[in-house]
Amino acid sequence: MTELSQPQPTKPPRSQWLDVWEQFRQHKGAMMGATLFILIVATVYLGPYLWDIDPTKTAIRERNQGPSWAHPFGTDQLGRDLLARMMAGGATSVSVGITAMLLSLFLGSFVGVLAGFFRKLDGPLMRLTDLFLALPLLPLLLVMMLLFREPLNAAFGLERGIFILIVSAIGITSWMPTARIVRGDVLALKEREFVLAARSIGTTNTRLITRHILPNVLSPIMVSATLGIATAIITESALSFLGLGFPPDFPTWGRLLQDGTDYLQQFPERVIWPGLAISLTVLSVNYLGDGLRDALDPRIRGR
Amino acid sequence: ERGKDGNVSIIYWQAPSILNPFLSGGTKDVESSSLIIEPLARYDENGGMVPFLATEIPTVANGGVSEDLTTITWKIAPGIKWSDGSAFTAHDVKFTADYCMHPEGGCAQLTKFEGVTSVEVIDDLTVKVTFDKPTPFPYGPFVGGESPIIQKAQFENCMGAKAPECTEQNFGPIGTGPFVVTEFKPNDVITMKANENYRDPNKPAFATLTFKGGGDATAAGRAVMETGEFDYAWNLQLAPEVIQQMQAGGKGTPIAGFGPLVERIMLNQTNPSPDLPEGERSTAKHPHPFLKDPAVYKAMSMAIDRPLLVEIGYGQAGQVTCNWVPAPAAVNSDTFKCDTQDIEGAKKLLDDAGIVDTDGDGIREKDGVPLKVVYQTSTNAVRQDFQALIKEWWAEIGIESELRNINASVFFGGDPGSPDTFQKFYADVEMYANTFNGTDPQSYLANLLCDKAPKPESQWQGENISRWCSEEYDALHAELTKTADAAERAAIARKLNDMAIEGGAMIPLVHRGRLSAHSNTLGGVVLNVWDSELWNAADWYRKTGS
Amino acid sequence: MLTFTIRRLVLAIPTLLFISLVIFLLLELAPGDPMAQVPLTVPPEVKEKMREALGLGQPMHIRFWKWIVQFFWIEPQVLIDHMFGTTFSAGDLRVISWQTRSPVMDIVVQRIPQTLWVVGTAYVVAIIIALPIGIYSAYRQYSWFDQLGTFVSMVGFSVPPFFSGVLVIVIFSVQLGWFPSIYDTTLVVNSWDSFVQQLKQMVMPVMVLALQITAQLSRFMRASMLDNLNQDYVRTARAKGLSEYVVVMVHVLRNSMIPVVTVIALGIPSIFGGAIITEQVFKVNGIGQLLIGALQANDLPMVQTLTFIFAVLIVLFNLIADVLYGILDPRIRYD
Amino acid sequence: MLDQPIAQIKKLRVEFQTKDGPVVGVEDVSFEVRPGETVCIVGESGSGKSVSSLSLMRLVEFGGGEIAGGQLLFDRRNGGELDLAKANQDLMRDIRGNEIGMIFQEPMTALNPVFTVGRQLTEGLRVHRGLSQSAAEKRALELLREVRIPEPERRLKQYPHELSGGMRQRVVIAMAMACRPRLLIADEPTTALDVTIQAEILALMDRLKRETGTAVMFITHDMAVVAQMADRVVVMFRGNKVEEGTVEEIFENPRHEYTKALLAAVPKLGEMRGKVAPEPMKLMGVADQKIEPILGTDKPLLRVKGLTTRFPVKGGFFRRTIANVHAVEDVSFTLNKGQTLSLVGESGCGKSSAGRSILRLVEPMAGEINLDGVDVVKLDQSGLRKARLDMQMIFQDPFASLNPQMQLLEQVAEPMRNYGVASGSELVDRVASLFDRVQLPRSFMRRYPHEMSGGQRQRIAIARALALNPKLIVADEAVSALDVSVQAQVLNLMMELQADLGLSYLFISHDMAVVERVSHHVGVMYLGRIVELGPRARVFENPQHPYTQALMKAVPIADPRMRKSEKDLNFKPIPSPIHPIGYQPEPSRYDEVEPGHYVLTTDSGY
Ligand SMILES: Nc1ncnc2c1ncn2[C@@H]1O[C@H](COP(=O)(O)OP(=O)(O)OP(=O)(O)O)[C@@H](O)[C@H]1O
Ligand SMILES: Nc1ncnc2c1ncn2[C@@H]1O[C@H](COP(=O)(O)OP(=O)(O)OP(=O)(O)O)[C@@H](O)[C@H]1O
Ligand SMILES: [Mg+2]
Ligand SMILES: [Mg+2]
Ligand code: NI
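Residue numbers (this note's numbering), protein chains in the order written: chain R, 1 to 303; chain B, 1 to 546; chain E, 1 to 335; chain P, 1 to 606.
If you are wondering where the hints come from, they were derived from the structure by calculation, not from laboratory data. Be careful, since some hints might not be right.
With a straight-line Cα cutoff of 16 Å, these simulated EDC-like cross-link-like pairs (lysine to aspartate or glutamate) come out [claimed, not checked]:
| no. | chain 1 | residue 1 | chain 2 | residue 2 |
| --- | --- | --- | --- | --- |
| 1 | P | 268 | P | 257 |
| 2 | B | 452 | E | 45 |
| 3 | E | 49 | B | 104 |
So the derived label-pair ranges between C-beta atoms look like this [unchecked claim]:
| no. | chain 1 | residue 1 | chain 2 | residue 2 | range |
| --- | --- | --- | --- | --- | --- |
| 4 | E | 112 | B | 85 | 30 to 40 Å |
| 5 | R | 26 | E | 112 | 51 to 61 Å |
| 6 | B | 81 | E | 186 | 24 to 34 Å |
| 7 | R | 25 | P | 373 | 47 to 57 Å |
Virtual Cβ for every residue (Gly too), placed ideally from N, Cα, C.
Okay, chain R solo, but in the shape it has when bound:
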């Protein structure tokens, strides 16, 4: 029967990641999101080299100006250049947003998977989640600031210390929904037969989680990621508003938006820029996430 079953033309197997990348590249939304995202990141990090106005330099005679060549985005109530402030603020907001989102995603998925997967851990971990959900945010943040600000400042310097503090504050207070969502999905997934099959071939729990469970709960995680980045950026601004965030001479998008809100009627552009920047970042991350999710899901891939 050999002549009948000549094997189909073989191609050398490529790695799965290459494959995912291929797929990702063909995803229009993903590429758009990625481009936009890279553009935003490049602008906020590299922009200051090209546009070298000091974002904290005041110029009282030039306050409250509209867009002009000297100040393409206009100036604020102290005559600080808004473009420079947007870029400086972006650098902080984007890094806080992404790091905090990653942290909260990590914590959330970690707790969620553990709770969903190990029945013994489910109770304690979910009660822990309940606890964190119930804790009042403001006192929690205040306590964190109280306990850790000085040691962190001493260990990492002022800016880095505060960055770490803020990122962990946001991360630690926002992982709970992710954890619960992931857990819910894992609970259902755990009963699927392929998990049983994987166990029968001696897959350790760690591998079972990383290779079988996690890829299958990716989509809620991706959604949490996109929403998380917006939450993180906005929470950061709320923190600054409460005086718990970066020092006051540190612009961030959230803070710019907040400061601009009072001038909404006179100088609408002052809120439009930061608002737009936050939305675009979130949107780009969302499309990135969508693309990644599609690329990672073999059922959708190829369509």
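Assemble chains B, E and P with the ligands onto chain R, guided by the hints.
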């Protein structure tokens, strides 16, 4: 004619939580309750005293105050009725004093009764207050919005530890004022109606009153001046442009008045360095390495462009000041000039004092210590703008500052466990505003007495925030407490003010006014910064034809 | 599952006690002082006296124990008295707020209506809008509807209510004058007119809140629908000749509900908890505003009580979500 | 009317878009089905049988396929002829389930996991027949009875995962037949069923065809079933139709090479008569194949004693346990090294549960499992993991047991990775050789499970189980989904491995011919118990238990001239394995009728 003008609505962006001012020192509570309960006398918009429930203001001249300055006798106007119809008598006045002075009551207005040894009812309409020592200014008790009279019959069972249990009383005190409470929703809204037993049968002009609380100053201003939903908005601490924009809405007018409120930078006389062991930071043990140097603090003050600060931060609600006590007018010293920025002069001052930049990093050093300051304040848009500007100016003269802003409820809360309170002052300089009640600055001036410095032993309590200390000052203040003559008192007060400023306890920045707004249809509003803003609500009326 | 539910309910008691202890300790540890809002003109000695009057002088464990007794023993009695006219609680000290010196529960009860009206409506509106959007976006993935939905929900989500709230106020109250900018909590709905007025004052806060919730919910709905639309059983359902509507809305939807149920269940406590910023912006003065006000004033009994009620709701709704999981997906086992 | 075909497929071509560009699922297929006729489609696994039938339902589109050419003419109930390839989906909805019913290949994933069986059964009825809830339920009950599911009332309220593979398959069948469609497409409908039930289902379909004139398009790889059922046969190979004709023609006079190979590979019951030990099959076209009996050893590898597994049945709003499914009840047997023990028996009798219990994939309630001196029941998690190096399982439902998100390469490599057996390029090489062994092209290594045909998936599962060279493989219906030619190769492979490496198999199957071919010992299960256990030859040649006898009688024969008629079959109602909570079953007692040949003497329920 009473009640003809329908409803008047007031918005305070801080919501009143209780209508008993003795249980809460909050301005919102004091002012909202001032519509209901009244003192014997009030301050008017100029800081003068006007009798309300009394027939006249007792003085030494008219015999109301004893020659030795230890007693004061009030005569109550006859025919005054509580809103429940019963008569207002001297017993109520005495009861009020007993209520507040009860050791377990935690009365917020206790200072008003400082030095009072007894309050006696002479007859139904006469009451005599005795002090433990000659008191040149005996108008603490029963004068001003913070010290109104409550009804004995109503509060009899609410003394001391029982005070908080009397919710009904605290939420609806019976008073002699123009309005009575119909419903009180704590931290939200109060509805009131005209007091039928109010002493002037033609007042108030409004039949009902709505007192809404909560939100923020912007929204309150908008509701009065732009949408016209409310008639009166309190304390609009907003950027001048924003006020202007709102005024353009055409529905209301901002009004400003000036009390003794001063926005200032306090200079820490002690070393706040985090390297010091806990318990020694910011204490008299370690003097500040450079802030005590006159050249330094004078230069810092000279580098500040105060008119600009006023312009961007307060507009019509601010004035340049170089004084700690800028009001009343009599005590406002004119020793200092500070309305022009002088960067060059500041630099020269420092250079001359030998405080120069030795290592080329742009920051001057004094005795090897670089002039780097931590500059903290509470979170507030205007203050952050000030911080940004001042930081820049100081940078120009070679002083670097690290900015920090702290949540107001932590900053002003006296929690000894927190490193961020203004009392603890774990920073080199800090900015906030302070003021005093009434027109007499004596106790305010006492804030800088050496023994009032916050320290660990006193749980960091104390008003001498800068830990400034001068024997000379203490002595002069002691003299003030013994002087009765008004002009002399004012002179001493000015001298004390000058000593403090010259000595570098603080850098005054802006004399802040109170900016409120009323709708264009509301008549009779007289902004009063010495007493409750709503002091003359009985006279308010609806303008017709607008 | 009954045993599961009962066990969880029983277990909830120590959990909640523990949570209340943690909250208490947290609040104790947090910097802040109930005297923060007392003006600086009140001298420290007086403040110290006031603090003592609030019971702050007592040691921590005694205050905690007092709160426990007041909340778990006296407040229920008050409730019973209120309902049946009995007098069990006469003379007992209830949980008293430091700010208002009045029983905390009374204020909470006072606040619940407006919070439920506004936040609750927003939630319901959001669910009604979000689920169909999510479902349809997934069903027609990458169609223009989906793209538009994505765009709007992302922008909606990334614009914080402190901005969008002010924006709608400026547009609809200041410029157009359609709706009041300040919510009237004293309004009693007893006629058509007052109902219309109530609707008018609700529109803006509900809009702002619903936008956020919709954005979040519809995203999760979409993602989880996408996961299920390609399953084999969907093919079977189609082979039965079921209409697309039934295929999607019955077969796929039920399988996709777990993450959505989680998100919804997590959100319901927050209806009672209020929406802090939105309530602030529109002056709704519901529970959220109460909480933030209490926090700013360091009114610990109030914060403790509110947070604890919130904790109870969270624990309860998470339990409900867990029970729902079991009902939604019979494969999930709890034992 | 009889001349007017119900469905005509003309030059059908179906393409799939994959990352390697379009893949042709069906290249060129034409055939027709007439009313009252059964057309059997046979062919190699992956030859496009399922895809053709899905195209007829216009369901390929939802799976990423595209009808690239050809016509699908369908004669509607009210006369008109319609090209389904061009019909819109609204119209299709009317036809699907109503005029064309379809039975899907993989029953687990074909059922919605979150709805009860009853719910899923009644849905179609209510849509197409407009029945009320209760009427539909009555009809559903009737349908379940027709497909001979025990305790249909209770099953209606159960969820798919609570049913055995065969039961699910029967639910799917019932669902497809619910509306009495004019054309019934059956994609391997009896693959998961034991012979008795298979016979009953076949009889049912036959009756349906006779009574209502339903046309049946029957996809299968089981030539015996073809012989039993078909009027005409279509043979497919690699997306093309290679031969078509009446059953007799095909069986007696096959023309195409592939058809011949197919027929040659069919195992026949009785072939092994007189042989002591199993031996590999003779394959066509393989020269110098050495056929030697595999003797194995007498040293026991796996000793099972008193194994009992029960599942709780939940009910009520709070889903409390109200009864237990006694899936495995007091089962004992011994499996020797290098030998094969087959478990046969009716669907739902607990074969899979027994297999899973041995690997402790479901926790047994009681019993002893001794694997080469290791007491499996007492092992902790890490010990169990180590023990699983020696025992592997091939799952009954290949699709469900593969991770939909992982490439096949990864899935097969996983066991080796887990135990660090190989890595890097060596790993890839070993995977590739495993692919060769199970006859899968290496290019499939980077595909995903949903891109494979049913049989291809099954081979992946086999490759995965072989990867570790375990001592024991529990093969749960390992070859049921394979077409006979591949089946023969896989069986030979398994036997070869047994001879070379001394593997032992616990072979779970319903195909008596295959069982006869591979086993040393056979256990016959009924209702959770082993009713007869003994050497293969003895059990096959001298069945003692009445159930075994019935089973033997029901085995279809791959010869169209020896069709069984319905009368030959004697259907007995199947008792329920569900008992209330406190129920204590009596222990099993056996009678040794011959040396090593045991027969249950206590009541088996049959
Ligand atoms: N979604 C898909 N994407 C890509 N290729 C597919 C897809 N579905 C099926 N195929 C391919 O199409 C071919 C035909 O598959 P089909 O399922 O029709 O096989 P089959 O004849 O039913 O086989 P079996 O008997 O094993 O079920 C196979 O090569 C398969 O790999
Ligand atoms: N998870 C479960 N929950 C409840 N009952 C179950 C579960 N799994 C199996 N059963 C029941 O256990 C009995 C035996 O099932 P099992 O899967 O072992 O049968 P089987 O012999 O493998 O049948 P088939 O040949 O049809 O696959 C059946 O009645 C089935 O309904
Ligand atoms: Mg197939
Ligand atoms: Mg089975
Ligand atoms: Ni078969």
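Right, here's what the structure says about each hint:
no.: 1; hint: P:268 x P:257; in the structure: 20 Å, violated
no.: 2; hint: B:452 x E:45; in the structure: 11 Å, holds
no.: 3; hint: E:49 x B:104; in the structure: 8 Å, holds
no.: 4; hint: E:112 x B:85: 30 to 40 Å; in the structure: 36 Å, holds
no.: 5; hint: R:26 x E:112: 51 to 61 Å; in the structure: 53 Å, holds
no.: 6; hint: B:81 x E:186: 24 to 34 Å; in the structure: 28 Å, holds
no.: 7; hint: R:25 x P:373: 47 to 57 Å; in the structure: 55 Å, holds
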